[in-house]
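Visitor: Sequence:
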Amino acid sequence: IMKHAKTRRKNQFIFKHCLASGEIRDVEVFSGPIERQGRNLLFSIIHDITERKQAEAKLEAMAREWQTTFDSTSDAVFLLDPDMRIQRINKKGRQAFGHPRENLVGKKCWEVVHGTKAPVSDCPNLKSMNSLCRESAELKIKDKWFQVVVDPIPDQDGRSMGGVHMMRDITEQKKAEQALVKERNQLKNALEQIKTLRGLVPICSHCKKSGMTRGSGTTWNLILKGIPRPLSATACALSVLTGFTVMRTGIW
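Okay, so the sequence shown: first residue is 3 according to our numbering, each after it adds one.
Any given hint could be a false lead.
[To be verified] Below, computed lysine-lysine pairings styled on DSBU-like, alpha-carbon distance capped at 30 Å: (1) K110 to K176; (2) K109 to K129; (3) K93 to K129; (4) K176 to K129; (5) K119 to K142; (6) K144 to K93; (7) K110 to K129; (8) K177 to K190; (9) K93 to K18; (10) K110 to K146; (11) K144 to K109; (12) K176 to K144.
If you're looking for bench data, these hints aren't it; they were derived computationally from the structure.
Construct the complete structure from the given sequences, taking the supplied hints into account.
Guide: Here is the structure:
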């Protein structure tokens, strides 16, 4: 240290210093050579920075804990500034868009999420900046569906400082909803068709009573033979229709 200070290569030093009591303290030293009465001396100013170093260590620990929590969420999350530029992005977000942090930070959110040169028409982030309330939307991005939620970050004057942008992949949920809608439509169509067959059942019952259904190849037996059991309401209706088609056309 003295050698560097004398040659002026360096004049600031931080190191641990042992007091006469044996206590170890962090100190910051500013040193430089001076000449006094023909002698070359080393002039030093020493600051005890133990509390500062302890505070810095606590802040670093809190930052690591925050980053660990930020990266542990299963949703893609990024923090935006007032210009909607990405300031931070978590691990899930980096994985979702296939880029390291340095390639994403500083870019507009719509450039990363949508690959566009401007916000999309239903952008929840724009709405959140204007309303200063949570805004959400379900957006299709390429071949996937996402639920996008944006919470604003207001300043003391109530102006937007940015937002917390969260994205959750709901593709499988959307597929399940579409399958349910399709099944309901099939049931509705089947029930409509059954209504048109209400006049058929008395005729077949009459045929059965009158002996016109003797033998295994009769019309009514053909219909009943084509209906497996047990059945749901939808499958039962479709099976009756299938049997009716066989009866009418002879084609399975």
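Visitor: Now tell me, hint by hint, if it's right for this structure.
Guide: For each hint, the structure was consulted:
no. : hint         : in the structure
1   : K110 to K176 : holds (27 Å)
2   : K109 to K129 : holds (19 Å)
3   : K93 to K129  : holds (26 Å)
4   : K176 to K129 : holds (24 Å)
5   : K119 to K142 : holds (17 Å)
6   : K144 to K93  : holds (21 Å)
7   : K110 to K129 : holds (16 Å)
8   : K177 to K190 : holds (20 Å)
9   : K93 to K18   : violated (37 Å)
10  : K110 to K146 : holds (21 Å)
11  : K144 to K109 : holds (20 Å)
12  : K176 to K144 : holds (14 Å)
Going down the numbered hints, you'll see the structure goes against just number 9.
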